[in-house]
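Colleague: Sequence:
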Amino acid sequence: MNISAFQVIRRPIITEKVSGEGDAAYRGVEVAMAATKTQIKEAVQKIFKVKVAGVRTGIFHGKFRAAAARKATGATGRRRT
1 MNISAFQVIR
11 RPIITEKVSG
21 EGDAAYRGVE
31 VAMAATKTQI
41 KEAVQKIFKV
51 KVAGVRTGIF
61 HGKFRAAAAR
71 KATGATGRRR
81 T
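Residues in the sequence shown are numbered consecutively from 1, following the numbering used here.
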């Protein structure tokens, strides 16, 4: 399956940990779930014009928020008063 580099790389992840004082070679990007490490490496090399030494992946879920703190919304998305 041949997919373009822009379908593999969704967006860069900019956090203090990723862009901190440490080694500048480490960057974070959000990628498609179906992408392999080889596809990720080739896409990053093509888009950012860098040489990739290695690829590490992980699945991170967002933070869960308490629903009770928000006002209920209707089907149209407007706030109920």
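The reader is advised that the hints may include incorrect statements.
Below, in silico cross-link-like pairs of lysine to aspartate or glutamate (DMTMM-like), each with a Cα-Cα straight-line distance of 25 Å or less [claimed, not checked]:
no. : residue 1 : residue 2
1   : 63        : 42
2   : 41        : 30
3   : 63        : 30
Since the hints were derived computationally from the structure, they do not count as laboratory data.
Colleague: Give a verdict on every hint.
Modeller: Cross-check of the supplied hints:
1. 63 with 42: The given pair, whose Cα atoms are some 30 Å apart, is violated under the 25 Å limit.
2. 41 with 30: 13 Å, holds
3. 63 with 30: Measuring from Cα to Cα gives roughly 16 Å; hence the hint holds.
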